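Enquirer: Spelled out, the chains give:
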Amino acid sequence: MSSTDGTAPPDRPAGEPPATKPDLGPVGHLGDRLFAGLARGSGGLVVLIVAFVGIFLLALAIPALADDKSSFLFSRIWEPGGADPKFGIAALFYTTLISSVIAMVIAVPIAVGVALFTTYYAPKRLAAPVAHAVDLLAAVPSIIYGLWGILFFAPILRPVIDGLADVLGWIPLFEKPASEDLGVVFTASVVLAIMILPVVTAISREIFAQTPVTHREGALALGATRWEMIRMAVLPYGRSGVVSASMLGLGRALGETIAVLIILSVPNGNDPWNSSIFAGGETFASKIANNAAEFDSPEKTGAYIAAGLVLFVVTFLVNSAARIIVARSTPGGKRPRKARPAKALEGATP
Amino acid sequence: MTTTLAANRPAYDGKALDLTGKSGARAFRNTLATVLIILCFLIALIPLLWILWTVVSKGYHLLLDANWWSQSQRGITVRRVGGGAYHAIMGTLIMSLLCALIAVPIAVMGAVYLVEYGKGTKAAKVVSFMIDILTGVPSIVAALFIYAVWITVLGFNRVGFAVSLALVLLMLPVVLRSTEEMLKLVPDELREAAYALGVPKWKTILKIVVPTAFGGIITGVMLGLARVMGETAPLLILVGYSKNINTNPFDGFMGALPTMINQDRTELALQPAADRVWAAALTLILLVLLLNILARTIARFSTIKSK
Numbered sequence: 001m002s003s004t005d006g007t008a009p010p011d012r013p014a015g016e017p018p019a020t021k022p023d024l025g026p027v028g029h030l031g032d033r034l035f036a037g038l039a040r041g042s043g044g045l046v047v048l049i050v051a052f053v054g055i056f057l058l059a060l061a062i063p064a065l066a067d068d069k070s071s072f073l074f075s076r077i078w079e080p081g082g083a084d085p086k087f088g089i090a091a092l093f094y095t096t097l098i099s100s101v102i103a104m105v106i107a108v109p110i111a112v113g114v115a116l117f118t119t120y121y122a123p124k125r126l127a128a129p130v131a132h133a134v135d136l137l138a139a140v141p142s143i144i145y146g147l148w149g150i151l152f153f154a155p156i157l158r159p160v161i162d163g164l165a166d167v168l169g170w171i172p173l174f175e176k177p178a179s180e181d182l183g184v185v186f187t188a189s190v191v192l193a194i195m196i197l198p199v200v201t202a203i204s205r206e207i208f209a210q211t212p213v214t215h216r217e218g219a220l221a222l223g224a225t226r227w228e229m230i231r232m233a234v235l236p237y238g239r240s241g242v243v244s245a246s247m248l249g250l251g252r253a254l255g256e257t258i259a260v261l262i263i264l265s266v267p268n269g270n271d272p273w274n275s276s277i278f279a280g281g282e283t284f285a286s287k288i289a290n291n292a293a294e295f296d297s298p299e300k301t302g303a304y305i306a307a308g309l310v311l312f313v314v315t316f317l318v319n320s321a322a323r324i325i326v327a328r329s330t331p332g333g334k335r336p337r338k339a340r341p342a343k344a345l346e347g348a349t350p
Numbered sequence: 001m002t003t004t005l006a007a008n009r010p011a012y013d014g015k016a017l018d019l020t021g022k023s024g025a026r027a028f029r030n031t032l033a034t035v036l037i038i039l040c041f042l043i044a045l046i047p048l049l050w051i052l053w054t055v056v057s058k059g060y061h062l063l064l065d066a067n068w069w070s071q072s073q074r075g076i077t078v079r080r081v082g083g084g085a086y087h088a089i090m091g092t093l094i095m096s097l098l099c100a101l102i103a104v105p106i107a108v109m110g111a112v113y114l115v116e117y118g119k120g121t122k123a124a125k126v127v128s129f130m131i132d133i134l135t136g137v138p139s140i141v142a143a144l145f146i147y148a149v150w151i152t153v154l155g156f157n158r159v160g161f162a163v164s165l166a167l168v169l170l171m172l173p174v175v176l177r178s179t180e181e182m183l184k185l186v187p188d189e190l191r192e193a194a195y196a197l198g199v200p201k202w203k204t205i206l207k208i209v210v211p212t213a214f215g216g217i218i219t220g221v222m223l224g225l226a227r228v229m230g231e232t233a234p235l236l237i238l239v240g241y242s243k244n245i246n247t248n249p250f251d252g253f254m255g256a257l258p259t260m261i262n263q264d265r266t267e268l269a270l271q272p273a274a275d276r277v278w279a280a281a282l283t284l285i286l287l288v289l290l291l292n293i294l295a296r297t298i299a300r301f302s303t304i305k306s307k
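Each protein sequence line maps, in turn, to chains A and B. Position 36, counted from 1, in the first sequence is what UniProt numbering calls 36; the numbers after and before it change by one each time, with no gaps. Position 79, counted from 1, in the second sequence is what UniProt numbering calls 79; the numbers after and before it change by one each time, with no gaps.
For reference, chain A alone in the conformation it holds in the complex (with noise of 0.2 angstroms):
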């Protein structure tokens, strides 16, 4: 289909408006309505697939939801084999949340501290290596953070714990656990912290780096030191996008399998449960992954897909309401750079 054999569009007569799309000539159409229908096919697919995911895992999950004998948004026995499946997700639910929670909470400053120091504080020819170096940590495979994380991370910070369980034990979040267990939830969540460092830092590095010249130099110009500029200018504005990398990263950390697999113990299942971060536990994905070897019977089967679908739809929620931040209020987005100063000031007031 050569375009040279006499498909050029014809010369416009003069004086007629020109075409808002390029005339592309008869025998350019099957082509491009092939290629186009396999783009936009393409981009369904994308759609289809997300849409998939949920339907195949809810299809899967009402059977087995349908014989639960227990309560599974509140119960917290997970016994999905036997006459009759119990299994309630109660103790995943709250495993998975606290570990990610903590995570993004010891992540998040640091990652503005690193993104900060990229951006305004490193001499310029380190700052692209620095950023690199960081970036690294997202390349080191989970399940080598799991393995570092229970063998050489855990001792140092047990210490940490006692210290911690002996200050704040009177809560029932830090509870001193009975045994010396390594495995506990917080060594997790340090763990955790450490993967998502990455994510948090980049995203955060880039919207720092666009806050506008004028709002940086305006701050310095009325003698602000270089602190000052940045919590005036340069945190004001890149506010909304940390917020929105914090989200990503805590979605990072809820779906993450084999780390806090190797990392956690799980529970005796005659103990009684520990709501102590200090103790171990089992988050979704964790069971989920822990019990492949289980998925023999319809009824188990769709016990772990009902947790993976609870796991889906929280990540989904998580991972919409920062898409949702970012939309709203991108720098480097539509949103006229008037509303800007607004927008730092509104920051400023609690």
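It cannot be assumed that every hint is accurate.
[Claimed, not checked] Listed next, the in silico EDC-like pairs over lysine to aspartate or glutamate satisfying Cα-Cα at most 20 angstroms (straight line):
1) B/K184 / A/E206
2) A/K124 / A/D135
3) B/K119 / A/D32
4) A/K86 / A/D68
5) B/K119 / B/D65
6) B/K207 / A/D32
7) A/K176 / A/D162
8) B/K125 / B/E181
9) B/K203 / A/D32
10) A/K69 / A/D84
Please keep in mind that the hints were generated in silico from the structure rather than gathered at the bench. Source: prediction; values computed, not measured.
Fit chain B to the supplied structure of chain A, relying on the hints for placement.
Expert: Positioned in the frame of chain A, the structure of chain B alone reads:
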């Protein structure tokens, strides 16, 4: 009142008043912030260096052995020294390349849709939103979804190909986003020049736009591959670990580096098993790093010069 004011007034020492200096408290806060921010950076570097040091120092010596690259673990128990990671390296490569084979065309065409066809439409916004959602889908959920379709509904076995399918879900958004970014950078002048010569739109995209962005697309593919190679969750659910060499992703169990690590990690008290775990971890890190470095190098040399 007057006395305190007078007492607080700095004595005039005959020099010009320095009004550019900062008051003590502000200067202190500025220094404190600088120290804290540098500290944050150092804290972030510690785990990276520590992990790399651990894996390299514990794993390097097996990698120097030629057997590591040419033999499988067939017939070798956790107590015995010997064998290699050939089966796992092959498994990892086969499963991730098969995944790329499926994911890359869809991702590139999806990006072409977003940039060339759907720009600004509602449909494109929906697609774009779904890509973001797909980016956030945990690997375990992707694996469960493929389990639901491939094994529960279609009734197939646990094989390497099922893992590839789950990895497609994870690789697709990475490649699609980076391709989209690159296609956006292709200057409109190039497209207009092609249209002016009467080249149909599809040919313009195929022969002008995509080749111009090629370097960036390859970068995205490399980063996507690096992401999926280290994934463990789909391997745990969708394929069994085999110590033998199996190069057929449609039949039988298949070894992979993450599952090789997972297999022996409970036997770390035994030296041969521990050695193999760290050597496999180092091999995996090297593979992933190699892809990352390649991606960065290609990106550096193939940035589109728009101006």
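Enquirer: Are the hints correct? Go through all of them and say.
Expert: Taking the hints in turn, this is what the structure says about them:
no.	hint	result
1	B/K184 / A/E206	holds, 18 angstroms
2	A/K124 / A/D135	holds, 18 angstroms
3	B/K119 / A/D32	holds, 17 angstroms
4	A/K86 / A/D68	holds, 5 angstroms
5	B/K119 / B/D65	violated, 54 angstroms
6	B/K207 / A/D32	holds, 13 angstroms
7	A/K176 / A/D162	holds, 7 angstroms
8	B/K125 / B/E181	holds, 15 angstroms
9	B/K203 / A/D32	holds, 8 angstroms
10	A/K69 / A/D84	holds, 6 angstroms
Against the hints set out earlier in the document, a violation occurs for number 5 only.
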